[in-house]
Amino acid sequence: MRELMLGNKALARGLYEAGCKVISSYPGTPSTEITEEAAKYDEIYCEWAPNEKVALEVAHGASLGGVRSACAMKHVGLNVAADPLFTVSYQGLNAGLVVCVADDPGMHSSQNEQDSRHYAMAAKLPMLEPADSEEARVFARRAFELSEQFNTPVLIRMCTRVSHSQSVAEPEERAVPKQVPYVKDPTKVMMTANSRNAHLRVEQRTLQLVDYAEDCDLNRVEMGDTSLGIITSSTSYQYAKEVFGERVSILKLGMVYPLPEKLILDFAAKVDKVAVLEELDPFIENHVRRLGVKVSGKDVFPVCGEFSQNLVRECMGLEVPQTMTVKDSIPGRPPVMCAGCPHRGIFYILKKNKCMVYGDIGCYTLGAVAPLNAMDLNVCMGASCSGLHGFNLAMGREGEKHSVGVIGDSTFIHSGMTGITDISYNMTNSTVIILDNSITGMTGHQQNPTTGKNLRGEPAGKVDLESLCHALGFERVRVVDPYDLAEADRVLKEELEAEAPSIIISRRPCVMIKGTVHNPPLEPKEDKCVGCKACMQIGCPAISVRDGKVRIDSTLCIGCKVCTQICRFGALE
Amino acid sequence: MATKNIMIVGVGGQGTLLASKLLGYVLLGQGYDVKVSEVHGMSQRGGSVVTYVRFGEKVYSPVIDKGEADVIISFEKLEAARWLEYLKPGGRIIVNTQEMEPMPVIIGEAEYPDNLVEKMQAAGALVDAEDFLAVAEAAGSSKAVNIALMGRFSTYFPEISEEEWQKAIEACVPEKFLELNRKAFEMGRSA
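Keeping their order, the protein sequence lines are chains A and B.
In this text, residue positions in the first sequence follow this note's numbering: the first is 1, and each later residue adds one.
In this text, residue positions in the second sequence follow this note's numbering: the first is 1, and each later residue adds one.
Isolated chain A (complex conformation) (with noise of 0.2 Å):
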């Protein structure tokens, strides 16, 4: 039955159909909802791993005990799990594994636009790119046949822009294989000589791999008009047909890694010119440059940022269509923290203390825009902690007594635990304050090891925070309510003061948690508003000043009196 689907519900029925057993994540935009999805089969085990080198490993080794595993990750999550990927590509497989990543150009929701095909790449990895839901329902499936067949770990590459746009997709039944038998192999083993074997081996699966990728059905031509050929994959492929329909060739490539080289020889034979329309790097323009074909692509496309139909037309010179606009400037309409956010007074009191902030990945990355303005960087999972210690080491006393480190529960878990225990360790008396608001916030609230549940929300195991600092080195665990920004200010000044290695736990849950209790809506008192502005400091969307008098917008407000505790006049009570 056909069915409107998100790619990353269609690629998590593709593994169900394919009989997968085990699946093991950690959550990331774009990438999320393809865990989220499979775990509604029942037939599927779906976990939130604490990372995602820890996901790749259990779905590793769930194929090694026999049956069909996968994992997904956003794109710098499988930095995250390079060190696995590089070595599962020579240990190999009991039965198929695939491992899917999702970039995401453009950066809607992250840090850098890398391009994971290089991945493939450098681990020796078959990578599949889907460029509909569709595809990737069925890529899915040919995903785990290849990982068979070839004894390999298999990448299937998503993009922002096939994970999440829906399109029509016509699922069929689950078929599951037999369990493997697991048999104990010394040559499993990865050192010296089996190691060396396996790189042996590894280098002749990619050769056999390229006989594979000229004829299978991955990878497919579409003549039209000969007078230009273009070679693309993913949603580029959308692009170009948008464009240009019959209009052009097309090579339409399934199979990104590896390359075939006939299939694209024969191609550019047959066409007077050839061009590779390809978001980011020219990874497929720099094969094709390889085999000897003239090529335009990255001269006329760029390498950052996303495409669309229109900046192809640009790219080729062709007309795009007209538009029309107002000619008042529109103001901004960035994502802000939500009202009653509790990551809110933390840094209202940072900003105070004049604080330098070493921030992290997750909702409280938006400490850093106005009027809070209180986050001076963030770099990826877990660098508060060991770079706040680095910026210590070279800042001395001064430093240790104006900084801190700020990471959420869940990105202290996946990464955070190994930055603090250099503090510790190593002894600079950094601060790192974990905001736990109990919960993976940023990316739709999933579980994690602090929360007492398990993905499916089932009680599980609970990872206590205090006790695991204290046990990483740490005398000073304190725990504050962000909620009150006098006791949060003076615990602040204590552990700056303090010539110990300090963590400070700030604990509330999320306010969009389901079951979080709101107090009723503030209601200003307009007769003791002076108009002073204080209360906008904390950028809270609920508050607003009109005719010089605070409003409180009632359907955002819960009442967690932050603002109160600003108000010198009690316009807020």
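Simulated from the structure, these hints should not be mistaken for lab results.
Every residue, glycine too, gets a C-beta built ideally from N, C-alpha and C.
Keep in mind that a hint or two might mislead.
As a list, the in silico BS3-like pairs of lysine-lysine whose alpha-carbon atoms are at most 25 Å apart [to be verified]:
id	chain 1	residue 1	chain 2	residue 2
1	A	Lys40	B	Lys21
2	A	Lys327	B	Lys88
3	B	Lys21	A	Lys514
4	B	Lys143	B	Lys183
5	B	Lys66	A	Lys298
6	B	Lys119	A	Lys327
7	B	Lys143	A	Lys327
8	A	Lys514	A	Lys528
9	B	Lys58	B	Lys21
Take a look, some chain A residues computed to stay more than 12 Å from chain B by CB distance [unchecked claim]:
id	residue
10	Val58
11	Gly332
12	Gly399
13	His402
14	Thr421
15	Glu523
16	Met536
17	Phe569
Take the given structure of chain A and dock chain B to it, following the hints.
Same frame as chain A, now just chain B:
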């Protein structure tokens, strides 16, 4: 049939995703090829949000580009002006005249432009403006703005019957909000 392009724009949290779900459901039921594209994640937090809905015999690109939209359904007035350049010459824009101040306006760094409906008309747009918040409230809840707007939109495609829309509402809306949304749809349709 040439591919038709519909954009749904608004502010994160306004319920644009339900509106696009409804539209996708109806269009698929008509036998069209359909693509619906949206961005999740960061923008949910009160930011400007957009959903692209495309339908026809065969749809390729999942997104709509500047100057390509046949209809824009805007949940908020400033967002209507922001996305206006995506409207095709001769295209129509449905505008909920509700104003939601973005953070730069709230903190006094920018001003909310006045007379936006007139300015959009002056730019050449066919503007269909209405206080759909009031319509939704009259139907029983401010949260039904999305469905009230879809009620108005449904009059743009008379070939799709009201019955088809009601069936889609039944399929997409949780049981306990069904009555409210049915009413909001009808009131939006006749408003």
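Hey, Lys143/B versus Lys183/B, does the alpha-carbon distance stay inside 25 Å? Between Lys143/B and Lys183/B the Cα gap is close to 13 Å, so the pair holds against 25 Å.
Is Lys514/A close enough to Lys528/A, meaning Cα to Cα at most 25 Å? Violated, at about 35 Å.
Check the hint pairing Lys327/A with Lys88/B against an upper bound of 25 Å on the C-alpha distance. holds (17 Å)
For the pair supplied as a hint, Lys66/B and Lys298/A, is the alpha-carbon distance within the 25 Å limit? holds (23 Å)
Does the claim that Thr421/A lies off the interface hold, with its Cβ farther than 12 Å from every Cβ of chain B? For Thr421/A, whose nearest Cβ neighbour in chain B is about 30 Å away, the distance exceeds 12 Å, so it holds.
Compute the least Cβ-Cβ separation between Gly399/A and chain B, then decide whether it is above 12 Å. Label holds. Min Cβ-Cβ 30 Å, cutoff 12 Å.
When you look at the beta carbon of Phe569/A, is every beta carbon of chain B farther off than 12 Å? holds (19 Å)
For His402/A, is the shortest beta carbon distance to chain B beyond 12 Å? Its Cβ never comes within 12 Å of chain B, the nearest being 26 Å, so this holds.
Would you check the hint for Lys40/A and Lys21/B, treating anything up to 25 Å between C-alpha atoms as holding? Within the cut-off at roughly 19 Å; holds.
Once the closest CB in chain B is found, is it more than 12 Å from Glu523/A? Correct as stated: the minimum Cβ-Cβ distance to chain B is 18 Å, above 12 Å.
For Gly332/A, is the shortest CB-to-CB distance to chain B above 12 Å, so the non-interface label stands? Per Cβ check, Gly332/A is inside 12 Å of chain B; nearest 6 Å; violated.
Quickly compare the C-alpha distance for Lys143/B and Lys327/A to 25 Å and report which way the hint goes. Violated, because 32 Å separates the two Cα atoms, which is more than 25 Å.
Violated hints, in rising order: 7, 8, 11, 16; the structure is consistent with all others.
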